[in-house]
Amino acid sequence: MKAIVTVVGSDKVGIIAKVSNFLAEREINIDDISQTVLEGNFVMMMMVDLSRSAERVGQLKDELDVLGEQLGVSIAMMHERVFSAMHRI
Amino acid sequence: MLFSPFEIKETVDMFHHQKLDIRAITLGISLLDCASPSGPESRRRIREKLLRVAGPLVRVGREIEAEFGVPIINKRVSVTPIALVAAASEEDDYEPWARTLDECAKELGIDFLGGFSALVQKGVARGDQNLIASIPRALANTDRVCASVNLASTKSGINMDAVREMGKIILEAAALTADRDGIGCAKLVVFCNAPEDNPFMAGAFHGPGEGDNCLNVGVSGPGVIKAAIESCRGASFDELAETIKRTAFKITRMGQLVGGEAAKRLGVPFGILDLSLAPTPEVGDSVARILEEMGLESTGTHGTTAALAMLTDMVKKGGVMASTHVGGLSGAFIPVSEDEGMVAAVRAGSLSLDKLEAMTCVCSVGLDMIALPGDTSASTISAIIADEMAIGMVNNKTTAVRVIPVPGKKAGDWAEFGGLLGGAPIMPVHRFSSEAFIARGGRIPAPIHSFRN
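As you go down the protein sequences, you meet chains A and B in turn.
Taken in order, the first sequence gives residues 9 to 97; the numbers are from the working numbering.
Taken in order, the second sequence gives residues 228 to 680; the numbers are from the working numbering.
Worth flagging that the hints you see were computed from the coordinates, not collected in a lab.
These figures come from a predicted structure and were not determined experimentally.
Here are the computed lysine-lysine pairs in the DSS-like style, where the Cα-Cα straight-line distance is at most 27 Å: (1) B:Lys-491 <-> A:Lys-10; (2) B:Lys-236 <-> A:Lys-69; (3) B:Lys-382 <-> B:Lys-349; (4) B:Lys-236 <-> B:Lys-472; (5) B:Lys-491 <-> A:Lys-69; (6) A:Lys-20 <-> B:Lys-236; (7) B:Lys-543 <-> B:Lys-491; (8) B:Lys-236 <-> A:Lys-10; (9) B:Lys-624 <-> B:Lys-544; (10) B:Lys-236 <-> A:Lys-26.
Label-pair ranges, simulated between beta-carbon atoms: (11) B:Phe-233 <-> A:Glu-33: 25 to 33 Å; (12) B:Ser-463 <-> A:Ile-24: 38 to 46 Å; (13) B:Ser-463 <-> A:Gln-43: 34 to 42 Å; (14) B:Arg-492 <-> A:Arg-34: 19 to 27 Å; (15) A:Gln-78 <-> B:Val-510: 26 to 34 Å.
Backbone N, C-alpha and C fix where the C-beta goes; we use that ideal spot for every residue, glycine too.
Make the full structure from the sequences, and use the hints.
This is the structure in structure tokens:
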């Protein structure tokens, strides 16, 4: 499955590195990545491929929550199909 | 990137800041094949079927929640109106059926099971009579069973004998749960033009015209609509309408995706998507606050009916295009106790029972979760029901009444129902009698425009 990971918060050194590292450790490939500042917030978006990851999605989310807390940002992960349904006809 | 940053942020914000969720996935299950001359045998069949068919419901719901990142708040079951199933038995008391349903709901881990119901818009059969008489005890002695009775339809008119009876039943249901502010009545709704595929409680049942089973989905999202129209401050109604419609479309597409996936994994047909804006007592999840965002100082003031009419219509228009099958109630719910903004409006003195009645002409349901003084007479409750049934019958729409006469309390007191049901200030009713009107009985004939053949 493909999912979209978003990281929102105040900008600081190493956010991209730490999140990418977290994903790499779990065999999760980043297909696409973009980063911007929206309404004063650092926003990073990644399309990721979970097909090689052995972890269950629920567990992955819990771990992403923990990582987000450590970095002081909010990390969300949702199925790519939710975005397709809403924004593509 | 496949999606623009704005699109991604919009979707993530809907779930993380504006409380968008799938309010309910409701598995409709036919129990027509569970009828038996023996009550115990009928209940054994019901139990076996419910646990077998609905067994995976909660697990599948949780899996989809995790995988899609979309919260599914309630997993529920609706069944064939029990009056139809139990009628074959030799027993007259249907409370044991309610207990069986309650036990199954608890074993399945679902919060509500709907279908302790009867359809009596034209006449009351033996099974219907038995079921109605059992409702107060059934609701007092179970926790998760919901009851509903269809009293009227555009095609059949209003069954005023049944309307009179339900006034008494509602008072009795309140009396038997007096220690919990009459909570029995919060699980009981009467309808005109009840939909057979409604996924929302307390009125969900699996109609006799439905197949063996199907999955119906209720999507909510008052917070998302409110956030969307915050960007339209000062804009004309044309722009406001367009914004609501676009937002409803996106919400519904998400519901269709999740509902379709759930149906596939459960191995049942996808029924309908109900795109109602259903509030909860939480701040940020209120329909009243949407109306106020449109420019009303407090819900209930002049202009409220027009605001609600547009909201309901635009939600429908956005949703219809986004789903293969739209059904149920689809529109906006205006319960009092379940909506923090409605409660505030009642407290501020801007929202009255009469205004709520006017609003039900254009919302998707009716008088919902309204606490009344405990000394309200049965005939007054029946008369409130009759008014609401008339609105539904003449306007060819679903209307409903779910009122709670709170034992021992008077207008202005607070009634607390807890959880998603919330709490509400008790609203006064008219002090003039409707006794002789309700005493007449019989049927109010169907309106002339129902004869379309």
